[in-house]
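Line order of the protein sequences matches chains A and B.
Residue numbering for the first sequence follows our numbering, beginning at -18 and increasing consecutively.
Residue numbering for the second sequence follows our numbering, beginning at 4 and increasing consecutively.
Source of the hints: derived by calculation from the structure; they are not laboratory data.
Positions of the beta carbon are idealized from the N, C-alpha and C atoms, including for glycine.
Among the hints, erroneous ones may be present.
Here are a few chain A residues that face chain B, going by a calculated C-beta distance under 10 Å [said to hold, decoys possible]:
1) 49
2) 110
3) 112
4) 129
5) 132
6) 233
7) 288
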Amino acid sequence: MEPEFSFTGGQAPRWWWWALIVTAAIVLAAAPYFVDIALQFDLSIIFIFALLALSMGFLWGYAGILSFGQTIFFGLGGYSYAILALNTGMSSLSMLGAILIPVAVSALLGYFMIYGRISDIYLSVITLVVTLIFEKSIRSTSGPEFVIGSVRLNGQNGIPGVPSLNLPWEDGAPLSIESMFHIAAGCMLVVYVGLRLLLTMRFGRIIVGIRENDRRMELLGYDTRRYKLAAFVLAAGVAALSGVLYALWGSFVAPEMFNLNQAAQVVIWVIVGGRSTLIGPIVGTGLVQYLSNWLGTVSVGQVTLVLGAVLMLFVLVFPRGLLPTLGDLLGLLRRRLGGKGGQ
Amino acid sequence: MIATTLYLIVYSIALLVLVSLGLAVIFGIMKVINLAHGEFIMLGAYSCVFCVNAGAPLWLAFACATIAVGLFGVVVERLVIRFLYGRIVDTLLASWGLSLFLVGLVTTVFGPRSWSVPVSFGNVTFAGINFSSYNFVLISIAFAMVAITWAIARFTTVGLIVRGTMQEATIASALGVNPGLVYMGTFGYGAALAGLAGAVLVPITGASPTLGLFFVAKAFITVIVGGHLPLIGTVAASGLFGTIDGFVSYAWSSVAGEVGVLIVAVVVLRLLPLGITGRMRSGL
Chain A
-18 MEPEFSFTGG
-8 QAPRWWWWAL
2 IVTAAIVLAA
12 APYFVDIALQ
22 FDLSIIFIFA
32 LLALSMGFLW
42 GYAGILSFGQ
52 TIFFGLGGYS
62 YAILALNTGM
72 SSLSMLGAIL
82 IPVAVSALLG
92 YFMIYGRISD
102 IYLSVITLVV
112 TLIFEKSIRS
122 TSGPEFVIGS
132 VRLNGQNGIP
142 GVPSLNLPWE
152 DGAPLSIESM
162 FHIAAGCMLV
172 VYVGLRLLLT
182 MRFGRIIVGI
192 RENDRRMELL
202 GYDTRRYKLA
212 AFVLAAGVAA
222 LSGVLYALWG
232 SFVAPEMFNL
242 NQAAQVVIWV
252 IVGGRSTLIG
262 PIVGTGLVQY
272 LSNWLGTVSV
282 GQVTLVLGAV
292 LMLFVLVFPR
302 GLLPTLGDLL
312 GLLRRRLGGK
322 GGQ
Chain B
4 MIATTLYLIV
14 YSIALLVLVS
24 LGLAVIFGIM
34 KVINLAHGEF
44 IMLGAYSCVF
54 CVNAGAPLWL
64 AFACATIAVG
74 LFGVVVERLV
84 IRFLYGRIVD
94 TLLASWGLSL
104 FLVGLVTTVF
114 GPRSWSVPVS
124 FGNVTFAGIN
134 FSSYNFVLIS
144 IAFAMVAITW
154 AIARFTTVGL
164 IVRGTMQEAT
174 IASALGVNPG
184 LVYMGTFGYG
194 AALAGLAGAV
204 LVPITGASPT
214 LGLFFVAKAF
224 ITVIVGGHLP
234 LIGTVAASGL
244 FGTIDGFVSY
254 AWSSVAGEVG
264 VLIVAVVVLR
274 LLPLGITGRM
284 RSGL
């Protein structure tokens, strides 16, 4: 039987990987001078979502924890930023706070789930339930009595007019579309490189070991629960960053950020791209977002209908995702060609 | 005051049993969590609405919804779930895909609006409180579902085979049982229970594409905290959560009730990671 996950990530990246990263960084930095504003705006949101997909791809593909609740931390990050920034007016500190709050919540939730040693499948369902109830709670806060500081939570309608990030070197002017693009692209690239390098280090190897065989790692003397919790919290931090960027991008937060469709989309991005790689979730996000936008413009019906069908199709036919499947095909082709060349 | 609280608690427990028993049966026997459970409930609700609109009496509409969704469950098992046995996570994902697909499909076909059935039930006054007599119907059906499922599992040959497969599928298979057939039947039975639940809920909630979402969160918590024994687990967890939900909903709001249930569930799972029935070796 095919191994469920591949073993990528253990080795240090080679020179061509660094060359690709540097090229990508240069292209993304220069892009605003070539690409029109509308496309920059659309690409920014794809990068922000890619960050969310990365957090899930890391947690699921490498730590083996399938959390349906990445959108909890995404939404909590966005809401925390909106509330802190509107109350204090200090955008950079609010950003920091808006990442710390979801991280604290994830540590608490993760402690109960992971230290209780509930099985993986229970963890998935519990995170899903937390998402559902979190959304319902926020939706029920439309009354005037739900106020934090001076900000009304507004239930369904969300919080409009979220202040923009004031960069010190731009004299406190609100973010332009170009800077938003640079920040989104930069965060995505830095998080991608960071996670890729983390996986080559001791911590990364240990969590991959836990994914492969929890019991064995424990017998080798590792406290697997601690490492799992650390991975869970790290992923929550990345999701929270993505949520803050989302709030900045639209200057708006609403319960749609963490409803079930959004949670399902994250899973679909990761499973379409391939969970056993880090680049897969990024590619998957781009493809699926493009497909959703296209479906929106041609209006062939409900987007959820198509997304549901895509999810079922991938689980049944390509459970490993596009990139690993493509990799397998290329490997097969190379062996075939190599075999012929040798004869 | 006490009577009202008591009534609310019994009602909450019955509601939890109603929406989670189908899920619990499938989970207990097949170890599969069907994330499309809420949509099975929703389909049951729509079937009931159509039967009533076609002129059928309500009890016949209940029966039709049960059978229709049960058959639909069998089809789903054959087309999707069958290929994923042993891959629990993939089953979870595929059933989630199915759930989204069904919500999208029903919204496309019947529109996002809510359909209701024209049934009128009187109110009764009992022990000083005034409430709808339909709620008594709901409570009786919920407990009848448990009793019937228990009777099937305990007294019939089919029940014996299913219990055997639940405990040890390989041994059952060595004795000539076809586990595939048992799983197909179980999935159909669980789906039928969900369909009945949806039909019973229609006079209260109406039928809309997102109906399932209102109930799944509580159903998932109940089943997970209940553990692997479907009947004891569901009844025990429903009793616990129904009590909490009834109290908190009465004191604050239904959302607060749900949050309370969630917090208690997470704490219970920290102490009993396999659920209330996790340590029980055998039973129902």
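For this session: Of all the hints given earlier, name the ones this structure violates by number, lowest first.
Result: The structure breaks hints 4, 5 and 6; every other hint is satisfied.
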